[in-house]
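Colleague: Sequence:
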Amino acid sequence: GPDAWIYGHSHTNTPAFNIGKTQMLSNQLGYVDYGEHGEFDGERIIDFE
1 GPDAWIYGHS HTNTPAFNIG KTQMLSNQLG YVDYGEHGEF DGERIIDFE
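First residue of the sequence shown: 1, per our numbering; consecutive thereafter.
Bear in mind the hints are in silico, worked out from the structure with no lab data behind them. By construction, the Cβ of each residue, glycine as well, lies at the ideal position given by its N, Cα and C atoms. Mixed in with the good hints, there may be bad ones.
Once the Cα atoms are required to be at most 20 Å apart in a straight line, the calculated SDA-like pairs of lysine to any residue come out as [unchecked claim]: (1) K21 <-> Y34; (2) K21 <-> E36; (3) K21 <-> G1; (4) K21 <-> W5; (5) K21 <-> I6; (6) K21 <-> A4; (7) K21 <-> Y7.
The calculated label-pair distances, taken between Cβ atoms and stated as ranges, are [to be verified]: (8) D33 <-> G1: 33 to 43 Å; (9) G35 <-> D3: 28 to 38 Å; (10) G38 <-> F17: 27 to 37 Å; (11) I46 <-> S10: 10 to 20 Å; (12) Q28 <-> P2: 15 to 25 Å; (13) I46 <-> P15: 29 to 39 Å; (14) V32 <-> G1: 32 to 42 Å.
Produce the complete structure using the sequences and hints provided.
Modeller: Here you go:
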């Protein structure tokens, strides 16, 4: 399987964890107006250009 799986859309972040040998990663902004952005890390982004 893959080394890492980057996921989102649940609006909340959890610490990294593994499923088998795959590391699960999340850095979701969520809805700022609803205060869901507290765990978002602006330094942990991937820019696809």
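Colleague: Now tell me if each hint is right for this structure.
Modeller: Each hint, compared with the structure:
| no. | hint | in the structure |
| --- | --- | --- |
| 1 | K21 <-> Y34 | violated (34 Å) |
| 2 | K21 <-> E36 | violated (29 Å) |
| 3 | K21 <-> G1 | holds (8 Å) |
| 4 | K21 <-> W5 | holds (11 Å) |
| 5 | K21 <-> I6 | holds (14 Å) |
| 6 | K21 <-> A4 | holds (9 Å) |
| 7 | K21 <-> Y7 | holds (16 Å) |
| 8 | D33 <-> G1: 33 to 43 Å | holds (37 Å) |
| 9 | G35 <-> D3: 28 to 38 Å | holds (33 Å) |
| 10 | G38 <-> F17: 27 to 37 Å | violated (19 Å) |
| 11 | I46 <-> S10: 10 to 20 Å | holds (18 Å) |
| 12 | Q28 <-> P2: 15 to 25 Å | holds (19 Å) |
| 13 | I46 <-> P15: 29 to 39 Å | violated (19 Å) |
| 14 | V32 <-> G1: 32 to 42 Å | holds (34 Å) |
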